[in-house]
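Guided by the hints, dock chain B onto chain A, whose structure is given.
Chains as they are written, first to last, in my numbering: chain A, 1 to 393; chain B, 1 to 148.
Among the hints, erroneous ones may be present.
Claimed, not checked - Capping the alpha-carbon separation at 25 Å, the derived lysine-lysine pairs in PhoX-like fashion look like this:
1. B:Lys118 <-> A:Lys172
2. A:Lys367 <-> A:Lys186
3. A:Lys186 <-> A:Lys165
4. A:Lys311 <-> B:Lys67
5. A:Lys165 <-> B:Lys118
6. B:Lys67 <-> A:Lys165
Hints listed in this document are in silico derivations from the structure and should not be mistaken for laboratory results.
Since the structure is predicted, the reported quantities are computational estimates derived from the model, not experimental observations.
The lines below spell out each chain.
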Amino acid sequence: MWENRCKVAVSGVGYSQATRTAETPLATHALQAVKAAVEDSGLKMSDIDGLATYPELPARGHAQVDGISIVSVNCMMAMLKLPNLAWHIQTGTVNIGGAVQQAVNALLAGVCKYAVVWRAMHNPRGTYQNLPGTYAQGADQFTAPYGFGGPGQGMAVAYTRWLEKHNQNREKMATLAVTQRRHGLKNPRAYFKVPLTREEYLSSRMVAYPFCLYDCDIPVQGAVAIVLTTADRARDLKPRPAYLAGYGQRLAFEVAGRIASLSSYMEGGRSSAQLTWQRSGFTPKDVDVAQIYDGFSASVIYGLESYGFCKEGEALDFIQNGRIELDGKLPLNTFGGSLSTGRIHGLWHIIEGVLQASGRAGERQVKDVNVSFVGASAPIVEGTTFIFVKEPY
Amino acid sequence: MTMSDWSKVTRPIPVPNEWTKPFWEAAKQGVLALQRCQGCGHFQHPPYATCVNCMAIDLKFEPVSGKGAIYAYTIMYHTGDKRFAAAVPYASIIVELDDAPGALLAGNLLEAPYTEAKVGRRVEVVFQPLNDDITLPQFRLAHAAPHS
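So here's chain B without its partners, still in its complex pose:
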């Protein structure tokens, strides 16, 4: 069995701040929204004070599709972090979204064996509520595109 057991994991809960609040507010509504420069159109993540591409300060959060590919991943075996020890081995992945090249999001590969994590594999966002305030964007393998 290569499915990670997440049932006993206690995930630390993100604390939104002035840069990140819109991200978490959107996620709570089931929308993935990333910070975008209103000058050059560059998407970036994590949120920052300025556009890291053109130095502009006019930044707004805009919805993105939530489809992308695994940019990189690691399979965690070490049980040093007791909050996650019950789930090892598990896949922590980094996703590059189709709509936002260069903006890299962390996640876990859910609903699939951890051995399915591979660079380049297609994934899509799913939303995992942690409590009444915080919903975590997560990823699963993308469903095969219907034949046209």
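So here's chain A without its partners, still in its complex pose:
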């Protein structure tokens, strides 16, 4: 087991008011979320001495403007002017989970005391994946001429591979979309406020087969944030902390432009989870509640299988018969997932993992949670996984 097991905890969490369109600059969303997280922890802004984010805009073909479409560490520092800033980073791999893990490392190294991590997501005007142009450069030269655009199609090809290799039926995915939406209705901050029926899922328009509209998270403008600190300090703060029992991260090193290899899609998740199980001393059977990244619904399949919750080819059967309900054997994406909150990436999954571990999930709180699992990024290519616990045992 990891020598640093349960030595770092997450304390406060914060959110901006997410909107469908970019009505206010992204920087104000990030600031709102960070201030709320610091306030939730009971700290003063001047206590914060560490900053981390993963600032990428996943929408291609749009300008990256700091404060408008991304929020860098520099942008945050310009707003906060932290007098005691001692450590900061913005990561370039494995999405926001990687930034959270860097903050954990910085706290363990003793180079900062209270670190804030935020993820701010912009919804650009017009088509999300905006790929105009006469030419296809770099890795795109082998995909764009055939109409492969954004990540949706890349995920979709792996999903057909999975469905037909395992003789499965995409209609079973309705259970995930409908159940997560029901969870989301118990999350006052979710974007969608009305139930989704099985019939609505099954009759919704195709986007990129096998993905229909409700297999895809809706782009929004918003931000979320968390405060991390050492376990000793976290105990003295306002909310009950969630202790980090273990984490893992792993890229399945892949050549740019090579798409659809289901095995490499699984590899990032498998190896990241393996590190997390080893470090925490837990196994999938010990998990009381799970948050698994669901930007596209099929990510949950790859997550459940590559993390070891079920065997490959079985995930769509695994989620049936009430298993993922709040009172089921494995309550899943209890905040509604990205399919309910909108596209804020994996930090919201981490927040929900924290809230469930610390007993702060309100109306959607799962009973008797001790072990709370989070797969914060699509296990395609990159995996970041976490286990939070209520008691540091």
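Coordinates of chain B only, in the frame set by chain A:
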């Protein structure tokens, strides 16, 4: 009618670079050539600086037969990419070639209804000139093998 109408599609034109130039030069001659490690014999696609199997740097492009099977596919309905909007719904496929297991090529399923795209279905390469310099490898369903 389930045939995709490609006539109004403007495909982005590949820009060869130092890794990919031999691929496009071969395609222009109607030959599918993939990068192969001269050490371990591994074929790979897209081209890369090293052999992703054994780390060797001695790589050459070698012709392959162009016969294979659909590894995966998607049917595109979204019209966000205006260049391809006229063709929806259309099949974008990923092909694994018999000669080059593990090397996955993208393409469209041509000359057949998009509903014919299925994992495992046999396909063969065809060549689609985009302009004087660039010819695009594409795929169609393989013709049934003659009875022997």
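> Hint numbers the structure violates, sorted upward?
Replying inline: 3 and 4
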